[in-house]
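Just add 1376 to wherever you are in the sequence shown, counting from 1, and you've got this note's numbering.
The reader is advised that the hints may include incorrect statements.
[What the hints assert, rightly or not] Calculated pairs, SDA-like style, for lysine to any residue (alpha carbon to alpha carbon, straight line, at most 25 angstroms): (1) K1414 to K1440; (2) K1412 to K1443; (3) K1412 to I1382; (4) K1416 to L1387; (5) K1412 to L1387; (6) K1467 to T1409; (7) K1429 to E1390; (8) K1380 to G1460; (9) K1440 to I1468; (10) K1439 to I1382; (11) K1429 to V1381; (12) K1462 to F1421; (13) K1429 to K1412; (14) K1394 to Q1436; (15) K1474 to T1388.
Hints were generated in silico from the structure; no laboratory data involved.
All of these numbers come straight from a predicted model, not from anything done at the bench.
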Amino acid sequence: MYNKVIIVGNLTREPEMKYLPSGAAVVSCGIATTHKYKDKEDTLFIDFTLFGKQAEIFNQYLKKGSKVLIEGRLSLDQWTDQSGQKRNKHKIVVESFKMLDSKPAGNHQGSVSNQSTPKQTLPPEIDIDDDDIPF
């Protein structure tokens, strides 16, 4: 099975960092993304979690309102609330992210991945004229 999610949006709240008993950092946050069609807008709000060094970097450089691309896998959290009802919600476990906000001259937009090999998260733009298309 394949489980991959890529979302671009703005952070809905300040990142919340905690540490596991093992000492690993964990950041929880939320993202909002809007799909516009015809005369309507559909905004999706989803929570996500990052772990380890990338969680620390995320917490250090991003804040509420920051534009970011996150890439990861969809996960289902299940719990029982205080009234005894079973609850659940989907969230994203982030594997990599890219900061998309503009930075002053001299700073670079950053990309962080928990994989040792760099990977491209978006296909490159290709400049093709209509005359170059064979159909």
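**Study point:** Pair hint K1429 and K1412, alpha-carbon separation not exceeding 25 angstroms
**Key:** violated, 35 angstroms
Review point. Hey, K1467 versus T1409, does the alpha-carbon distance stay inside 25 angstroms?
Key: Holds: K1467 and T1409 sit about 14 angstroms apart, inside 25 angstroms.
Exercise for review: For the pair supplied as a hint, K1429 and E1390, confirm whether the alpha-carbon distance does not exceed 25 angstroms.
Suggested key: Within the cut-off at roughly 18 angstroms; holds.
**Study point:** Agreement of K1429 and V1381 with the hint, judged by alpha carbon distance not exceeding 25 angstroms
**Key:** holds, 21 angstroms
Review point. If you draw a straight line from the CA of K1412 to the CA of L1387, is it 25 angstroms or shorter?
Key: With a Cα-Cα distance of about 18 angstroms, the restraint between K1412 and L1387 holds, given a limit of 25 angstroms.
Point to revise | Given hint K1443 paired with K1412 - CA-CA distance at most 25 angstroms | key: Distance of about 17 angstroms is within 25 angstroms: holds.
Point to revise | Agreement of K1439 and I1382 with the hint, judged by alpha carbon distance not exceeding 25 angstroms | key: Holds: K1439 and I1382 sit about 19 angstroms apart, inside 25 angstroms.
Review point. Within 25 angstroms, alpha carbon to alpha carbon, are K1412 and I1382?
Key: Given pair K1412, I1382 holds - Cα atoms ~17 angstroms apart, limit 25 angstroms.
Practice item. For the pair we were handed, K1416 and L1387, check the Cα-Cα distance against 25 angstroms. Key: holds, 22 angstroms
Check your understanding: Is the Cα-Cα distance between K1414 and K1440 25 angstroms or less?
Key -> violated, 29 angstroms
Check your understanding: Can the restraint linking K1440 and I1468 be considered satisfied, given a maximum Cα separation of 25 angstroms?
Key -> holds, 18 angstroms
**Study point:** Holds or violated: K1474 to T1388, with C-alpha atoms at most 25 angstroms apart
**Key:** holds, 16 angstroms
Taken one by one, the earlier hints fail for this structure at numbers 1, 8 and 13, listed in ascending order.
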